[in-house]
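Asks: Here is what each chain is made of, one letter per residue.
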Amino acid sequence: MKIYDKPVIVIGVLIFLAIFAFPLWTALGTTPPQPKVELPKDMKECVAPTEYMKSSHMQLLNEWRDSVVRDGNRVWVSHTGKQYNMSLTNECLRCHNEKSKFCDQCHNYVGVVPFCWDCHTYPKEAK
Amino acid sequence: MSFIFSLVAVTVLVLVPLVGVTVADLRWLFGVVVPYAAVATFLIGVSYRVLKWSNSPVPFRIPTTCGQAKGLPWIKTNKLDNPCSLPAVIGRMFLEVFLFRSLFRNTRMEYHQGPKVRYGSSKWLWLFGLLFHYSFLVVLIRHLRFFTEPVPMWVQIVEHIDTFFEMGLPLPGPDGLYVGLPLLAQSGVILLAAATLLFLRRVVIAQVRYISIAGDWFPLLLIIFIAKTGIIMRYVLKVDVVTVKKLTMSLVALKPELPADPISFMFYIHIFLVSFLFAYFPFSKLMHLGGVWLSPTRNLVNNSREKRHINPWNPEVKFHTYAEYEDDFREQMIEAGIPVEKEA
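Chains as they are written, first to last, in my numbering: chain X, 125 to 251; chain E, 173 to 516.
Take these hints with a grain of salt, some might be off.
[Stated by the list, open to error] Distance condition first, Cα-Cα at most 20 Å in a straight line; then the derived EDC-like pairs of lysine to aspartate or glutamate:
#1 E/LYS251 - E/GLU478
#2 E/LYS295 - E/GLU268
#3 X/LYS168 - E/ASP433
#4 X/LYS165 - X/GLU222
#5 X/LYS168 - X/GLU215
#6 E/LYS224 - X/ASP129
#7 E/LYS400 - E/ASP388
#8 X/LYS160 - E/GLU429
#9 E/LYS248 - E/GLU478
#10 E/LYS514 - E/GLU496
#11 X/LYS225 - X/ASP166
#12 X/LYS223 - X/GLU169
#13 E/LYS410 - X/GLU175
#14 E/LYS479 - X/ASP129
#15 X/LYS165 - X/GLU175
#16 X/LYS225 - X/GLU169
#17 E/LYS514 - E/GLU498
#18 E/LYS479 - E/ASP253
#19 E/LYS242 - E/GLU478
#20 X/LYS160 - E/ASP433
#21 X/LYS223 - X/ASP242
#22 E/LYS410 - X/GLU187
#23 X/LYS160 - X/GLU222
#24 X/LYS178 - E/ASP433
[Said to hold, decoys possible] Some chain E residues close to chain X (C-beta under 7 Å, calculated; not the full set):
#25 SER226
#26 ARG317
#27 ALA425
[Stated by the list, open to error] Beyond 10 Å from chain E on every Cβ pair, some chain X residues (computed):
#28 ASP166
#29 VAL201
#30 LYS206
#31 TYR208
#32 THR213
#33 ARG218
#34 GLU222
#35 LYS223
#36 PHE226
#37 HIS244
#38 THR245
Think of the hints as simulated: they come from the structure by calculation, not from any bench.
Every residue gets a Cβ at the ideal spot worked out from N, C-alpha and C, and that includes glycine.
Turn these sequences into a full structure, and let the hints guide you.
Replies: Next up, the structure:
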């Protein structure tokens with residue numbers, strides 16, 4: 125006579141643990157890989173403070189686009205007073221000229237796929 | 173009262189990591205120790221409680237059904253609502269766990285033309301419950317990008333669908349509303365909206381407010397605050413996502429290490445609230461995550477008519493049947509003129 129459903133419930137708990145710990149058993153024992161971002165060698169500063177660029181560069185790009193496309197203003201004055209041409213391909217990628225060693229490094233790491241490259245181009249890279 | 177208590181409790185939970193990280197620099201505590209302790213409490217606590225429930229005997233079927241049981245061949249049975257086989261029970265459980273069927277039956281009582289009572293269908297709770305749970309699930313799945321490397325394809329697909337509209341969160345900017353990057357993830361907004369509605373339901377409907385206790389207010393407020401801090405972090409007070417992932421990946425690899433670069437206090441508030449939710453989970457009504465699978469009125473085959481379910485610890489009862497009784501007293505009965513079933 126079956127009065128306890130214990131075996132089924134134990135299996136259920138094991139499934140719960142297996143699903144929940146899914147990141148654990150894929151990452152366990154491995155050394156967490158790090159993105160290898162190659163910074164421009166001959167320059168020292170970005171168009172905005174590095175801290176800000178790291179967290180908010182997408183918002184800056186958005187600002188740039190709005191400024192160019194809506195107001196026709198292409199001049200960006202940086203935090204150090206330098207002037208830049210607000211352009212994704214012509215400016216960001218002038219300094220960060222290898223997209224795959226810069227933008228893509230971080231983006232692949234956190235799994236974001238900016239759709240900008242559907243339209244915007246980037247410099248050809250030697251493979 | 174219980175509401176004020178919950179609100180104060182959640183506020184304290186926001187302030188603790190805020191002060192802890194900005195003033196006391198307890199980043200190791202809030203970034204490593206607390207999350208580990210919380211997840212351990214969650215996993216052990218949930219497993220322990222479910223296994224404890226599994227010690228409850230289920231000798232009988234509990235046929236609270238909502239449909240016609242299997243009977244004579246010309247009576248139409250309602251297989252899903254009154255399942256008489258395992259596949260049918262699985263069907264019923266599926267509808268219960270994944271579509272909240274019981275909640276779909278929710279009714280509202282109202283007075284109609286004076287004292288007449290009328291019951292109307294009321295699907296709002298079901299709708300917002302469903303939205304809430306599924307958007308929560310999507311949010312959880314999207315967070316897997318912080319705990320896996322490389323990020324699995326299916327997580328990216330979920331994220332892609334979730335940002336389907338390819339628009340940002342409208343925020344007040346220098347010139348009017350600013351609809352920017354990163355892309356708006358619908359699930360986060362729906363989660364916050366649905367949780368807020370479930371919360372307002374408790375505030376606005378007097379009867380529900382009357383029966384609400386701290387255990388109802390607190391998790392709702394906690395989840396609302398978690399959603400808010402998450403949304404703020406994604407769209408407004410941006411955090412350095414790459415550095416956050418360095419920390420989270422070191423946590424899942426069980427080699428905890430605080431990254432060299434600083435992480436915004438918003439992140440510590442967010443992760444502390446989430447940790448608290450995890451740790452609080454096994455002690456709260458949130459255990460319905462496990463409980464819904466074990467609802468005896470939903471997960472038992474209703475086969476009481478086909479199969480006799482005997483309670484195994486029934487005490488043994490000594491029977492003295494009428495036939496035996498007659499055997500004992502047959503002569504006396506015949507003498508007294510009492511009819512007997514079997515003549516001597």
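Asks: Indicate, hint by hint, whether the structure satisfies it.
Replies: We went through each hint and held it up to the structure:
1. For a cut-off of 20 Å, the pair hint linking E/LYS251 to E/GLU478 stands: about 15 Å separates their Cα positions.
2. In summary, the hint linking E/LYS295 to E/GLU268 is supported, as the alpha carbons are separated by about 15 Å, within the 20 Å threshold.
3. A threshold of 20 Å between alpha carbons decides the hint, and for X/LYS168 with E/ASP433 the separation of about 18 Å falls inside it, so the pair holds.
4. Proximity of X/LYS165 to X/GLU222 is assessed by CA-CA distance (about 12 Å); at most 20 Å being required, the pair is judged to hold.
5. About 15 Å separates the Cα atoms of X/LYS168 and X/GLU215, which keeps this hinted pair within 20 Å; it holds.
6. Between E/LYS224 and X/ASP129 the alpha-carbon distance is near 12 Å, which keeps this suggested pair within the 20 Å criterion.
7. Distance hint between E/LYS400 and E/ASP388 is fulfilled; the C-alpha atoms sit about 19 Å from each other, no more than 20 Å.
8. For the hint pairing X/LYS160 with E/GLU429, the CA-to-CA distance comes to about 18 Å; that is within 20 Å, so the pair holds.
9. For the given pair, E/LYS248 sits about 17 Å from E/GLU478 by alpha-carbon distance, which is consistent with the 20 Å threshold.
10. For the hint linking E/LYS514 to E/GLU496, the alpha-carbon distance of about 11 Å falls within 20 Å, and the restraint holds.
11. Between X/LYS225 and X/ASP166 the CA atoms are separated by roughly 16 Å; this keeps the pair inside 20 Å, and the hint holds.
12. Annotation: proposed proximity of X/LYS223 to X/GLU169 holds, straight-line Cα distance about 18 Å (limit 20 Å).
13. Between the alpha carbons of E/LYS410 and X/GLU175 the distance comes to roughly 10 Å, so the proposed pair stays at or under 20 Å and holds.
14. Distance hint between E/LYS479 and X/ASP129 is fulfilled; the C-alpha atoms sit about 17 Å from each other, no more than 20 Å.
15. Taking the CA atoms of X/LYS165 and X/GLU175, the gap is about 18 Å. The hint holds against a cut of 20 Å.
16. Annotation: proposed proximity of X/LYS225 to X/GLU169 holds, straight-line Cα distance about 18 Å (limit 20 Å).
17. About 8 Å separates the Cα atoms of E/LYS514 and E/GLU498, which keeps this hinted pair within 20 Å; it holds.
18. Restraint check for E/LYS479 and E/ASP253: satisfied, since their Cα atoms lie roughly 19 Å apart, inside the 20 Å limit.
19. A threshold of 20 Å between alpha carbons decides the hint, and for E/LYS242 with E/GLU478 the separation of about 9 Å falls inside it, so the pair holds.
20. With a C-alpha separation of about 15 Å, the suggested pairing of X/LYS160 with E/ASP433 holds against the 20 Å cut-off.
21. For the suggested pair X/LYS223 and X/ASP242, the alpha carbons sit about 14 Å apart, so the restraint of at most 20 Å is met.
22. For the proposed pair E/LYS410 and X/GLU187, the alpha carbon gap of about 15 Å is at most 20 Å, so the pair holds.
23. At roughly 12 Å between alpha-carbon atoms, X/LYS160 and X/GLU222 fall within 20 Å of each other, so this suggested pair holds.
24. Restraint check: the Cα-Cα separation between X/LYS178 and E/ASP433 comes to about 11 Å, which is no more than 20 Å; the hinted pair holds.
25. With a least beta-carbon distance of about 4 Å to chain X, the hint placing E/SER226 at the interface is held under the 7 Å criterion.
26. Taking 7 Å as the C-beta cut-off, the interface hint given for E/ARG317 holds, the closest approach to chain X being about 4 Å.
27. For E/ALA425, the shortest C-beta to C-beta distance to chain X is roughly 5 Å, which falls under 7 Å, so the interface hint holds.
28. Every beta carbon of chain E lies more than 10 Å from that of X/ASP166, the smallest distance being close to 23 Å; the non-interface claim holds.
29. Remark: the non-interface label on X/VAL201 is consistent with the geometry, its nearest Cβ contact in chain E lying 15 Å away (cut-off 10 Å).
30. A cut-off of 10 Å between C-beta atoms confirms that X/LYS206 is not in contact with chain E; the least separation is 21 Å.
31. For X/TYR208, the shortest C-beta to C-beta distance to chain E comes to about 19 Å, beyond the 10 Å cut-off, and the non-interface label holds.
32. No beta-carbon of chain E is positioned within 10 Å of the beta-carbon of X/THR213; the least distance is around 17 Å.
33. Non-interface status of X/ARG218 relative to chain E is upheld: no Cβ of that chain comes within 10 Å, the nearest being about 21 Å off.
34. With a cut of 10 Å on Cβ distances, X/GLU222 stays outside the contact zone with chain E, its closest approach being about 18 Å.
35. For X/LYS223, the requirement that its beta carbon stay farther than 10 Å from each beta carbon of chain E is met, with the minimum near 16 Å.
36. Distance to chain E confirms X/PHE226 as a non-interface residue, since its nearest Cβ pair spans about 12 Å, more than 10 Å.
37. Against the 10 Å criterion, X/HIS244 stays outside the reach of chain E, whose nearest CB is about 14 Å from its own CB.
38. Every CB of chain E lies more than 10 Å from the CB of X/THR245, the least distance being 19 Å, so the non-interface label holds.
Every hint from the earlier list agrees with this structure, and none is contradicted.
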